[in-house]
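There are 2 protein chains.
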Amino acid sequence: MKYARFRDPAGAVRRGEYENGAVHFGTESYDLESDEIDVLPPTEPSKIVCIGRNYADHAAELDSEVPDRPLLFLKPPNALAAHGDTVTLPAGKERIDHEAELGVVIGEQCRHVAEADAMDVVEGFTCVNDLSNRDDQRQEQNWVRGKAFDGAAPIGPVLATPDEVPADASVQTRVNGELKQDGSREQLIFPIPELIAEITTYLTLEPGDVIATGTPEGVGPLSDGDTVEIEVEGVGTLEHSVRIP
Amino acid sequence: MKYARFRDPAGAVRRGEYENGAVHFGTESYDLESDEIDVLPPTEPSKIVCIGRNYADHAAELDSEVPDRPLLFLKPPNALAAHGDTVTLPAGKERIDHEAELGVVIGEQCRHVAEADAMDVVEGFTCVNDLSNRDDQRQEQNWVRGKAFDGAAPIGPVLATPDEVPADASVQTRVNGELKQDGSREQLIFPIPELIAEITTYLTLEPGDVIATGTPEGVGPLSDGDTVEIEVEGVGTLEHSVRIP
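Taken in sequence, the protein lines are chains G and F.
Here full-length UniProt numbering is used: position 56 in the first sequence is 56, and no number is missing along the way.
Here full-length UniProt numbering is used: position 44 in the second sequence is 44, and no number is missing along the way.
Don't take every hint at face value.
Since the list gives no way to pick one copy over another, a pair counts as held whenever it fits inside one copy or between any two copies.
Straight-line alpha carbon distances no greater than 20 Å define the calculated EDC-like cross-link-like pairs of lysine to aspartate or glutamate that follow [unchecked claim]:
no. : residue 1 : residue 2
1   : K180      : D226
2   : K93       : E198
3   : K93       : D135
4   : K180      : E65
5   : K93       : D182
Keep in mind the hints are simulated off the structure, nothing from the lab.
The model shown is predicted, which means the values in this text are computed figures rather than measured ones.
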């Protein structure tokens, strides 16, 4: 099953079932790409917990070491953006990159979750673009200007239940139609149950919270007007454009 | 004016005016310290934006340099705790410290706020204890295990409007009654308008969001059963205890 959140023509916020390009709520159906509705992020996280350097080939391209435990950082709700949005990036920066990621959506409030039980707290998966302002990220102890700016976390277009997403699901970025990143869920250094166990040793996860599981190699800079597609196999394709003021 | 949020004896969440030890809502009044009510954090932030090394004497005691722009980090909503709570700290750590801070509560949604206009978006002030798990903070790129664990941000007991808090308000910690930190709002390296301007260059602040403005010298470790008081002149005293499992 797949679910999309959207604002309907009357302005009401709905979560409907998504199938074959259309989202259904009650007796109504809408084409997800139509101008009749506004697609919203498929979940309303209180926080996005992100994982850095969770693919060995991406750590190598950044000249970074693979960490011995998950590298965690945070994106607050102001970072959210949705399928179809134009994200206005911070002005005056030399390099702001796309980072395609598999997003894990949490289904229940949880703390101290054992690895063996971790998939029980997962409601489903979505696509995340972990937009990264490298100018500031390189200079900061904590990546706030670098990773938590408004719109730094486009997510969507839908939430797909776990059965929809294969264990070796591909995770891809296309920029203006050109393939830039092409990884697989299988390549995660710290797999999802380990991430959930580690995070919940310290933090309570709430229903709707998202874990962005890290990005494969091939990150690269975005230019004003670019269209970005983040595709996770079994979820679908999140598309947004960027504006650089 | 001062305001407290609380759960009343019927279970309803209220925000009432606080005066002389009592909070008033409608025709009811309650002693803030009575068992009849549960004191809640005085605001419901979508994020707490914290400032590191914003007092020169504290940077020196950590053997850290004073940054050339504000050092930002984040605490998500799971970090909140309230006046009167017992905060359970992460287990098995050598050192978890108190850090007394002046908290700024934002009153309206804002972005790109000029320094000259910054105090217009401030609803008031509160006390924050920026609890810090040094074991993990020292090892992390981003201070998530170190600073964002459950209960890492006790705030309260009240929100005081700006006129209540002098420009040289003292910021103090007492542990089990003994004075440990004693700084002043005047000592902030980056004053509040500069912090608001810098943060809102990148992030939208929402009503209820909190900026924790940094801590003066005198931070130190907490032990199981300690009672901590954070006092900001003009706000009052936030009191909580800690449990180390």
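Each hint tested on the structure:
1. K180 to D226: Answer is within: at 13 Å inside a copy they meet the 20 Å cutoff, but 54 Å across does not.
2. K93 to E198: between (34 Å within a copy, 15 Å between copies)
3. K93 to D135: Within one copy only: 6 Å inside a chain, 34 Å across chains, cut-off 20 Å.
4. K180 to E65: Neither: 22 Å inside a copy, 39 Å across copies.
5. K93 to D182: Result: close neither inside a copy nor across copies, 26 Å intra and 40 Å inter.
In summary, the structure is inconsistent with hints 4 and 5 from the numbered list given earlier, while agreeing with the others.
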